[in-house]
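Residue numbers (my numbering), protein chains in the order written: chain Y, 64 to 598; chain Z, 64 to 598.
No wet-lab data here; the hints were simulated from the structure. Just so you know, not all the hints are guaranteed correct.
Which copy? The list can't say, so a pair holds if one copy fits it or any two copies do.
As the list claims (entries may be wrong) - As a list, the in silico SDA-like pairs of lysine to any residue whose alpha-carbon atoms are at most 25 Å apart:
id	residue 1	residue 2
1	K83	V235
2	K481	R318
3	K326	P468
4	K350	E111
5	K408	Y522
6	K326	S339
7	K550	Y527
8	K550	Y522
9	K526	Y555
10	K332	D70
Single-letter residue listing:
Protein chains: 2
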Amino acid sequence: MAFEIKDRDLLGRIGKINTKSGNFETPTFMPVINPFKQIIPARKIFKEFGCHVIMTNSYILWKNLDPTQEIDIHHFLDYPGVVTTDSGAYQILVYGSIEINQNDIIEFQKKIDSDIATILDIPTGWDLPRELVEYSVEETIRRAEIALPQLYNSDALWMGPIQGGRHLDLIVKSAKKIGEMPYHIHALGSPTEVMERYLYTVLVDMIMAAKKNIPPDRPLHLFGAGHPMMLSMAVALGCDLFDSASYALYAKKDRYITTRGTKKILDLKYLPCNCSICRNLSASELKAQIKSERTRLLAEHNLNVLTGEIKTIKQAIAEGTLWKLLEARTKGHPSLISALKRISKYSNDIEKNKPGFKGHGISYYDYHSLSRPELTRYQRLLKENYAKPEDVETLLLLKAPPTTPYRRNEVYVQFELKLLKNSENLHICFYSVPYGCVPADLSETFPLSQYEIAEPLDYETIKYAAKNLSEYLTINLHKRIILLIGKEDLDYEIKKVVLKIAEEKEVKLQIIEDSRPWSNKVLEKIIQLLRSENR
Amino acid sequence: MAFEIKDRDLLGRIGKINTKSGNFETPTFMPVINPFKQIIPARKIFKEFGCHVIMTNSYILWKNLDPTQEIDIHHFLDYPGVVTTDSGAYQILVYGSIEINQNDIIEFQKKIDSDIATILDIPTGWDLPRELVEYSVEETIRRAEIALPQLYNSDALWMGPIQGGRHLDLIVKSAKKIGEMPYHIHALGSPTEVMERYLYTVLVDMIMAAKKNIPPDRPLHLFGAGHPMMLSMAVALGCDLFDSASYALYAKKDRYITTRGTKKILDLKYLPCNCSICRNLSASELKAQIKSERTRLLAEHNLNVLTGEIKTIKQAIAEGTLWKLLEARTKGHPSLISALKRISKYSNDIEKNKPGFKGHGISYYDYHSLSRPELTRYQRLLKENYAKPEDVETLLLLKAPPTTPYRRNEVYVQFELKLLKNSENLHICFYSVPYGCVPADLSETFPLSQYEIAEPLDYETIKYAAKNLSEYLTINLHKRIILLIGKEDLDYEIKKVVLKIAEEKEVKLQIIEDSRPWSNKVLEKIIQLLRSENR
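Please model the entire structure based on the sequences and the hints provided.
This is the structure we're talking about:
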């Protein structure tokens, strides 16, 4: 297997890609190296930055080398790791055409012994008329097909690019067609303009259109993605590989990358970082360097940030806290928050792939956390797999106690003992944010038992809980509901939805309202209600 | 001057503290050094970590040294920077009492040549009966007073601690009394338990109670604060100095600090960092070290994160983006989100101190961004300093164009030309999120001209805009309003509040509703309305 999946979180995974020059772990960032001008030497990138795979451009190499010369790309670059080559497709995008055909650039990549190589796809440019986008998709599919015989006798891994730009239906078509062919890795083309324009919601849709239509056991590469601000989001949506020359290009333009955006070094009075470069250098010292040295220092810092972010993402996958990381990173730019909201459209896809409990409780910060897959899963399982006990007529719906698991709450334990003594024909559920309805018998399971939520609650979170409670009550219809509520915003919203259901479904509803819902006085009231019915 | 303020953002500031052993910049983190066991040697902390001020405990030194011995603390620690000493008050907190009185520990600190020294205050423990808290406040005030004659002939700077625990009225009293005395630095005592219990909302209140009642030109130290997750918040509320042994204590317990929380190294499969320690070390290599070496490595990593965060905070102050940093850091723990919400209580205090425009537009992520001081300021200035033109009867209230500055929007420019041709007796305002009402003649000023906001909008943000528009319209009452709205959630909310005001105040209201509010068709409608009135 070229790709082994070792761990998962959301749609992200930690994997291993095996090539003829060794293996490397994903998700990974492949620094793009100019074969003729290495701002950071490739060997140093391997040894000191721990990048065990890099990317370079085979077309630039082909164009500038004597065609009779025998070269090995690893030797040429002085790089001991895995070398991925692009085919010149990017140059088609920039210059309109290139001086080599697919057949020859494929043979050239084989000749230089590239480990991961690319067919000559036609990139989808930005804002093209649909006909031209269709052409790029169709022609890339055609080329992917005719290339196959050439690839069978190669020991490299081959990338099958997916085109379509912003046209999601074309991405779907492209992904399906290329996905049917035996490519080792798929690469989503041309997102660079989308990223430069901060159209991260569009990027979310593009990635998902590709991801859902390629074989799930193949790695997905996102061409040209090189900002740490968005890597965790792309990984969460299932991207495994990234390549960019951003670390060097930004450096040349005196740009300093951080996980919360990019800064001009002229604006820097302090270096907001403690990487190997920034720890012993002040902002004014950096600014005072001659251009070439400044570029090198900036490139090294930028690459440190990128490789550090990849490690951060991998650790988050291992822990099962990728969503938390994602939420933090969206504070880099408002467009990332918009993208986070867009991700909620794909909650079901993400939930399906999210592995189970990894030992970490859940942090609910605000309504953004409502798209968490654990919540989506809980609501789904509650609908699909849970039903109230059949012969029980009365639902006792209680405000959840302030500690988890609710059922282990000291006061509640006493409550329950006395209640069940007074009535056996009783089903007990809690209402709580963000879950909505939590049957007492489920309350000791994950994620109901282990979570923290920020207070005061926001409106969206309260609404979410009320809506989900309402759905539960509609599916699990009781003849009688005793509702114990407090006097806060949440309680009023809950009261509203329960009243509505009681009216519509003709349920007998008795409400006890108390600002201290967990007092003995309240318990007595409930017992009275239960007894009065039993008599 | 012992303290010079060089830059500001929110209540945070970049300052310089001048001592007899040199100066250092604030905000700063002072690593706490055990004088007899330095996990990282003090000299290395100065040279390699760039910490130009450290803190150590004079009581431990006094207790373990021969009293006749002459020592200089800088020489003893082998530290070339500024040394701050605590007095043993922390030991009172932990052990109940100590073996030295205030007079002697003050003289001892003078003798060892401490640069910043501390009187022997009585720390407020956690959850004490109010009488005991009152005692700690009263006794600390008394000691601060009687210490004064001893301090006049000292060339050290002296810290005057503020006590009171969670009792805000006692903090206020303490801060006022100690603030009247000529101490160089004030220190808010005993927040450690509050932080350990993640009671960050309580911490916000405690800091603000102190901050608002000490002289604003004195530095405020927060005792025992040592987690990068909360430093930006404390700085934003006006804290200048922090000290903690956290970097070493966490290391001893195999804890790995990040800006998004603390991790057990057993849970680490990857080191989510690229500091000088983590760049060339894998998680398994770290775990395989012998205990003492592992502790040193972890302590160095932890200190790297802390000093890196201080630089990040300083850069944010310099740029005027401290609020943005604060928002990002609150994703470290739900209790920090709760604290962020609590900060909105102090919007006016923060707004008053926030300097003007520093060249950066504003990012509105979600409703948390509504507490930004720029917004508070805009609403205040709109109320205090702006009034509609006196003799104008008609308000044309338009949905804001999609680009900023609104008034420079190409379509709007044409709109305005034609409108003003048709009616001179017209005042034009825009409605927009999050601002509410933006008079056209203000729309080219900061922050109205430079901001980005995440879409779709959340309910709280829409409500905020509607409320502020409503307030503007109530203060600036027109006889007639022509309202041009679209058909989105925001538009319906705006329509609701304008209808309400029109009804209550008997304003003639004409509404044009169009899903494309910026078309020529709509412009014609408005002109017709204007003409019909003029005739």
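Structure-based check of all given hints:
1. K83 <-> V235: neither (31 Å within a copy, 70 Å between copies)
2. K481 <-> R318: neither (67 Å within a copy, 44 Å between copies)
3. K326 <-> P468: between (45 Å within a copy, 23 Å between copies)
4. K350 <-> E111: This pair counts as both: shortest intra-copy Cα distance 24 Å, inter-copy 20 Å.
5. K408 <-> Y522: Intra 20 Å, inter 19 Å, cutoff 25 Å: intra and inter.
6. K326 <-> S339: Intra 18 Å, inter 22 Å, cutoff 25 Å: intra and inter.
7. K550 <-> Y527: The answer is both: 18 Å in one copy and 24 Å across copies each meet 25 Å.
8. K550 <-> Y522: both (16 Å within a copy, 22 Å between copies)
9. K526 <-> Y555: Answer is both; intra-copy 11 Å and inter-copy 19 Å each pass.
10. K332 <-> D70: This pair counts as between: shortest inter-copy Cα distance 11 Å, intra-copy 41 Å.
Comparing the model with each earlier hint shows violations of hints 1, 2; every other hint is respected.
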